[in-house]
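S.K.: So the chains spell out like this:
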Amino acid sequence: MTDEEIITLYERRDEASIAETERQYGRYCRYIAGEILQNEQDAEEIVNDTYLKTWNSIPPEKPDSLKAFLGCITRRLSINRLEKRNAQKRGGEYMAALDELAECLPDGECASIPDETALSDCLDRFIRTLDREDRFLFVRRYWFMTPVSALAREASLTESCVKSRLMRLRERLRAHLTKEGYTV
Amino acid sequence: MKLQSKDILNAMTDIGPDLVEEAARPAPAANKSKTVRRVVLIAACVALLAAAVVGTVLLLNRPTPVNDPVTDPETDPSTDPAETIVPAPPVSGDLWVDTRAQKQQNVTGMEGSIEFAEMPWHRQPLLLQYSTIEWKGTVYNSPYPYTGDPVSDDVVSSDYETGTASAVDEEGETHTIGIRVYAMTGAEPPRRLFVRFDGYDLWVGFRISDRSRSTTSWGELLTSLKLPELMPLTSFNTPADDKGGVVTPAQYFKLSGEDSDTLRAMLTALPDVPETVSSSVGDKGGELYHISANAPALGIRNCKFVLYADGWIVTDIENIVYNFEIGPEAVWELADFLAAHGTPTEHTYSRQTIIGTVTAVGEGWLKLNDAISLENPDEAMEFTVLANGTGVYYGMACMRVGMTVMVIHEGILAEEPTVVRTAVDVNWIRITSSGGNPDETVIYIPE
Chain A
1 MTDEEIITLY ERRDEASIAE TERQYGRYCR YIAGEILQNE QDAEEIVNDT
51 YLKTWNSIPP EKPDSLKAFL GCITRRLSIN RLEKRNAQKR GGEYMAALDE
101 LAECLPDGEC ASIPDETALS DCLDRFIRTL DREDRFLFVR RYWFMTPVSA
151 LAREASLTES CVKSRLMRLR ERLRAHLTKE GYTV
Chain B
185 MKLQSKDILN AMTDIGPDLV EEAARPAPAA NKSKTVRRVV LIAACVALLA
235 AAVVGTVLLL NRPTPVNDPV TDPETDPSTD PAETIVPAPP VSGDLWVDTR
285 AQKQQNVTGM EGSIEFAEMP WHRQPLLLQY STIEWKGTVY NSPYPYTGDP
335 VSDDVVSSDY ETGTASAVDE EGETHTIGIR VYAMTGAEPP RRLFVRFDGY
385 DLWVGFRISD RSRSTTSWGE LLTSLKLPEL MPLTSFNTPA DDKGGVVTPA
435 QYFKLSGEDS DTLRAMLTAL PDVPETVSSS VGDKGGELYH ISANAPALGI
485 RNCKFVLYAD GWIVTDIENI VYNFEIGPEA VWELADFLAA HGTPTEHTYS
535 RQTIIGTVTA VGEGWLKLND AISLENPDEA MEFTVLANGT GVYYGMACMR
585 VGMTVMVIHE GILAEEPTVV RTAVDVNWIR ITSSGGNPDE TVIYIPE
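Line order of the protein sequences matches chains A and B. For the first sequence, the working numbering begins at 1 and goes up steadily by one. For the second sequence, the working numbering begins at 185 and goes up steadily by one.
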């Protein structure tokens with residue numbers, strides 16, 4: 001079943017839409033939630049929440065790519081869950097990723113609360129300047145929040161190599177953010 | 185309002201879906217051959233090795249085992265620990281060909297995914313626990329698996345310094361241990377440290393991990409690692425090509441000792457150009473030759489220097505790609521030399537895997553039953569895998585009876601088809617039905 005057909009099911013308020021979503025993209029959502037949460041039970045709950053949120057969002061939403069739409073929801077919900085978890089106990093890949101990205105922050109203060117859409121566009125532009133390998137490392141680390149150890153295994157690099165490459169990428173991101181005006 | 189890292193992390197959610205989708209796919213081939221993603225097709229049959237594979241030399245006397253390995257009361261003399269931890273002899277002779285049907289041959293896609301399992305910190309052997317050390321403000325990593333080859337006195341400092349290595353376990357508790365450090369001479373900070381852990385009579389090589397403090401130029405790369413002295417360059421190949429759907433296989437060549445000396449002299453005489461940091465330098469006119477680069481004493485194995493037609497030389501010897509623009513004239517001079525002096529040879533390097541269940545573990549050896557990976561479990565064999573390097577030795581020290589492991593090796597002699605003397609890595613794995621990419625038919629082998 002195509003994305004369009006599944007979305008049509010949502011628009012008709014047909015509950016088969018959720019079953020089809022699960023069949024087509026359940027594994028993908030579970031993967032994202034699992035990577036971020038590192039907890040199977042939490043991931044399963046998040047995937048179910050993702051379906052519910054999708055059910056509540058379509059209509060009026062009509063995403064061009066259902067996969068991307070589900071991915072974004074899963075990621076947001078997973079991060080929310082992590083924040084709650086980390087409010088009680090510091091740790092995990094989320095906090096590690098936050099700490100790492102703190103190195104990218106330009107000096108000084110922004111003139112206003114950063115516009116997330118503009119910042120997303122800025123990040124998008126930055127990532128597209130990277131070569132395939134660096135894009136993989138950066139997005140896997142900071143979108144999926146894949147642990148460095150797992151990333152090293154997947155990319156067949158040593159952990160130290162992954163860390164050093166991520167460090168260099170963060171330095172480049174910092175320069176990119178500064179160049180795009182994320183300073184006073 | 186200050187931009188916070190959380191803003192960046194949240195804003196990442198809305199980057200282009202194509203970027204996310206790309207990253208969700210398997211990793212691209214790593215830009216280096218030592219750590220080039222060694223993809224092992226599960227469906228692959230065991231390949232014939234054309235020639236002998238040389239075992240590694242081990243500077244290892246009798247390290248104290250960290251764990252209490254399960255002993256095999258029926259150990260035969262060939263697996264006596266005392267015998268297995270001395271340097272393995274070079275392997276030569278006809279190689280065994282496994283004709284048994286592998287379970288994976290009959291599946292399209294994978295029935296299950298293979299994951300590399302994490303060993304709890306307290307059960308890891310010491311070398312894995314302390315794989316990162318900080319010395320005089322610089323961080324070093326152990327290039328695991330490390331062969332532990334001896335390093336000559338003119339490479340390291342004559343006197344050692346004492347220090348400590350620290351590690352943090354899963355519970356956040358910090359552990360420290362005493363070390364003796366011999367630093368490699370020739371660069372500051374040293375590019376390599378050779379460390380002895382208290383109570384262990386073996387060397388462990390550590391590689392500088394902070395790239396920003398390492399190479400800045402071609403000349404510095406060569407001299408700081410003493411490559412002209414430590415890296416014989418005796419083989420090279422043309423790259424395989426599959427342009428236009430027509431596959432041109434790689435062709436392999438070897439160089440005589442004299443020609444190798446000349447090649448090293450030519451590389452040493454290249455202009456001392458700075459490293460080009462950007463990795464987006466196009467295809468550089470295409471690859472001409474891959475010169476094999478090995479310096480086991482430095483933890484450099486199966487790496488290469490690649491010559492590009494537009495005047496680039498690129499190498500992965502330091503775990504990351506270095507690009508140097510030396511100019512077309514210099515590149516073509518090297519290429520012409522290789523073309524004129526290379527003698528065609530068979531490609532002798534091939535890695536194979538055995539996946540099975542550990543049936544016994546001893547000091548420097550383990551036994552493995554491979555029924556789990558066969559179409560017909562009745563054809564299962566029990567292999568004795570011998571340690572021939574500290575990496576494998578310590579990998580084995582992690583293993584326990586009943587674990588599923590993958591042994592990567594470089595061939596088994598036909599005259600003793602149940603003994604693996606060329607193991608280069610041993611990994612504890614899990615075979616799952618839910619993880620990974622269902623379309624994936626490869627195993628990723630970590631360094």
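The set of hints was computed from the structure by calculation and includes no laboratory data. We put the beta carbon where it would ideally sit given N, CA and C, even for glycine. Be careful, since some hints might not be right.
[Stated by the list, open to error] In silico DMTMM-like links for lysine to aspartate or glutamate, alpha-carbon gap of 20 Å or less:
id, chain 1, residue 1, chain 2, residue 2
1, B, 190, A, 3
2, A, 53, A, 42
3, B, 320, A, 64
4, A, 53, A, 99
5, B, 190, A, 180
6, A, 62, A, 49
7, A, 84, A, 124
8, A, 84, B, 191
9, A, 67, B, 191
10, A, 62, B, 191
11, A, 67, A, 131
12, A, 67, B, 198
[Stated by the list, open to error] Restraint ranges, calculated between C-beta atoms of paired labels, are given here:
id, chain 1, residue 1, chain 2, residue 2, range
13, B, 520, A, 132, 53 to 63 Å
14, B, 460, A, 45, 45 to 55 Å
15, A, 149, B, 401, 29 to 39 Å
S.K.: The structure should be examined with respect to each hint, and the outcome stated for every one.
M.R.: Checked hints:
1. B:190 to A:3: With a Cα-Cα distance of about 32 Å, the restraint between residue 190 (chain B) and residue 3 (chain A) is violated, given a limit of 20 Å.
2. A:53 to A:42: Holds, at about 16 Å.
3. B:320 to A:64: violated, 54 Å
4. A:53 to A:99: violated, 29 Å
5. B:190 to A:180: With Cα atoms ~18 Å apart, residue 190 (chain B) and residue 180 (chain A) stay inside 20 Å; holds.
6. A:62 to A:49: holds, 19 Å
7. A:84 to A:124: violated, 27 Å
8. A:84 to B:191: holds, 17 Å
9. A:67 to B:191: violated, 23 Å
10. A:62 to B:191: Roughly 26 Å separates the two Cα atoms, so the pair is violated.
11. A:67 to A:131: violated, 24 Å
12. A:67 to B:198: holds, 13 Å
13. B:520 to A:132: 53 to 63 Å: Roughly 32 Å apart at Cβ, these two residues miss the hinted range, so it is violated.
14. B:460 to A:45: 45 to 55 Å: holds, 48 Å
15. A:149 to B:401: 29 to 39 Å: Taking Cβ atoms as reference, residue 149 (chain A) and residue 401 (chain B) lie about 32 Å apart, which means the hint holds.
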